[in-house]
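Peer 1: Please arrange chain X on chain W, whose structure you already have, making use of the hints.
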Amino acid sequence: MIIGKSAMAGTLESSDAQVTVEPSENGLELEISSSVMNQYGRQIRATVMQTLERLDVQSGKVTVVDKGALDCTLKARVECAVYRSNDIKDALPWGGAIV
Amino acid sequence: MNPNLKRLRRSMMFLNCQKPALIKDPYIYSPDSIMLDLEDAVAEREKDAARYSLFHALREIDYRGVERVVRINGLDTDLWQEDIRCAVAGGCDAIRIPKTETGEDVKRVEAAVQAAEEEFHVEKGRTLIMAALESARGVMNAYEICTSSPLLFGIALSGGDYTKDLQTSISGTGVELMGARQHMIIAARAAGVQCFDTVYTNLNDMEGFRKDVETIHTMGFDGKSIINPRQIPIVHEIYTPKPKDIIFAEKVVREIDTKKAQGIGVFTVDGKMIDIAFYDGAKRTLALAKASGVYKGDL
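Chains as they are written, first to last, in numbering that gives the first Met the number 0: chain W, 0 to 98; chain X, 0 to 298.
It is worth saying that the hints were derived from the structure and are not from the lab.
You may find that some hints are simply not true.
Label pairs and their computed distance ranges (CB to CB) [what the hints assert, rightly or not]:
(1) X:Ser-291 / W:Ala-96: 55 to 63 Å
(2) W:Pro-22 / X:Asn-227: 39 to 47 Å
(3) W:Met-0 / X:Asp-24: 42 to 50 Å
(4) X:Ile-60 / W:Ala-45: 13 to 21 Å
(5) X:Asp-244 / W:Ala-96: 32 to 40 Å
(6) W:Glu-30 / X:Thr-76: 31 to 39 Å
(7) X:Ala-286 / W:Glu-12: 39 to 47 Å
(8) W:Met-0 / X:Glu-118: 14 to 22 Å
(9) X:Asp-77 / W:Met-0: 18 to 26 Å
Covered stretches of chain X, going by a simulated chain W footprint (3 or more residues, C-beta under 8 Å) [claimed, not checked]:
(10) 13-24
(11) 198-212
Computed from a predicted structure; not experimentally measured.
Just so you know, even glycine gets a beta-carbon here, dropped at the ideal spot from N, CA and C.
Next up, chain W with everything else stripped away, as it sits in the complex:
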């Protein structure tokens, strides 16, 4: 899937993450800031990358501002931002690319 246009999902509330995706010509660029970066930075990056891979996103700028989100929330926010960037809201691949 491509990043069709800039889109955002999530909030800056505790236990949440705000994910912004933007189109880019330079492959995949990932920028993460987190209140728990030292402890969980690597895991957050891995979760975001795996989610993008499942969605087959190969290029785009992805910015994550994490506020202590669980893995399941990170995935949900990344997916939401990517699908929003393509204006897709229905007939989603639950249990497929979204898993």
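Peer 2: Frame of chain W; chain X shown alone:
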């Protein structure tokens, strides 16, 4: 038959799927059920985001035996069918239909649930349904709704919308809800399904909440919708049979079993006249006591 049709549902707590902090660990408060909300609590522009959160929460969070009900958006929106696909694919235990007015509404949801179970290879009949009645028409059609699907485990009153439809409002006395409550519990019992009361929204009035729960408990309701964890212990306390009731129920069951074998139909237990009509009630008390963890006996 799905064994969860009759499970214990004293407290059913609403949680907003838009808020990750709310849905990550509600099991710590030990409600019997949580109702993960995609409807009224979720802002219109966040309906899509709430679904992704719901799906992953259902798949990845261990809710430790707490039943996971999903409140979908109304059948008058273009959201409810995708809500059902998401919830069933995630593995929810039940779907709550808002603003149910007819048995046909339940049948539409039943068909969508069955289609989703097939699409996502979920065991057929695993996903149950409950219907919220939120209008005068819905309440009037309670029995039709209760008997509309073998997947339907119960009905719930939604007092806010219902009183608006009656052109009144929640007074705190319960007078405006009296007719609907009585009608719904009778319809539910006639159909053999469960019945749940509406939320109590004034969190500063815990005494009023307690009285409200005592009222619906006396009326025969199976449980109450909850909006705050502070309300849960009060509901569970009121719904837990008292030691004297458990002892009496045990005596009734044992005496009826014994006297039946002796060909005796009517007798007394602790000075009270008892016959076979008391049997099911006593058995229910013991089952509730067992489920509440206060009875370890063998009946």
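Peer 1: Look at each hint and say if it fits the structure.
Peer 2: Against the structure, the hints:
1. Distance hint check for Ser-291 (chain X) and Ala-96 (chain W): the Cβ-Cβ separation is about 43 Å, which falls outside the suggested range of 55 to 63 Å.
2. Here the CB-CB span from Pro-22 (chain W) to Asn-227 (chain X) is close to 43 Å, well matched to the stated 39 to 47 Å.
3. The supplied range of 42 to 50 Å is broken by Met-0 (chain W) and Asp-24 (chain X), whose beta-carbon atoms lie about 32 Å from each other.
4. Distance hint check for Ile-60 (chain X) and Ala-45 (chain W): the Cβ-Cβ separation is about 19 Å, which falls inside the suggested range of 13 to 21 Å.
5. Checking the proposed 32 to 40 Å range against Asp-244 (chain X) and Ala-96 (chain W) shows it is violated: the Cβ atoms sit about 54 Å from each other.
6. Separation of Glu-30 (chain W) from Thr-76 (chain X) is about 36 Å and conforms to the stated range, judged on CB atoms against 31 to 39 Å.
7. In this structure the hint that Ala-286 (chain X) and Glu-12 (chain W) lie 39 to 47 Å apart at CB holds, the actual value being about 42 Å.
8. Evaluation of the 14 to 22 Å hint for Met-0 (chain W) and Glu-118 (chain X) yields a pass: the beta carbon distance comes to about 21 Å.
9. Between Asp-77 (chain X) and Met-0 (chain W) the Cβ separation comes to about 23 Å, which falls inside the hinted range of 18 to 26 Å.
10. With 4 residues carrying a beta carbon less than 8 Å from a beta carbon of chain W, the segment 13-24 of chain X meets the three-residue requirement, and the given coverage holds.
11. Look at the segment 198-212 of chain X against chain W: 0 of its residues bring a Cβ nearer than 8 Å to a Cβ of that chain, fewer than three, so the hint is violated.
In summary, the numbered hints that this structure violates are 1, 3, 5, 11.
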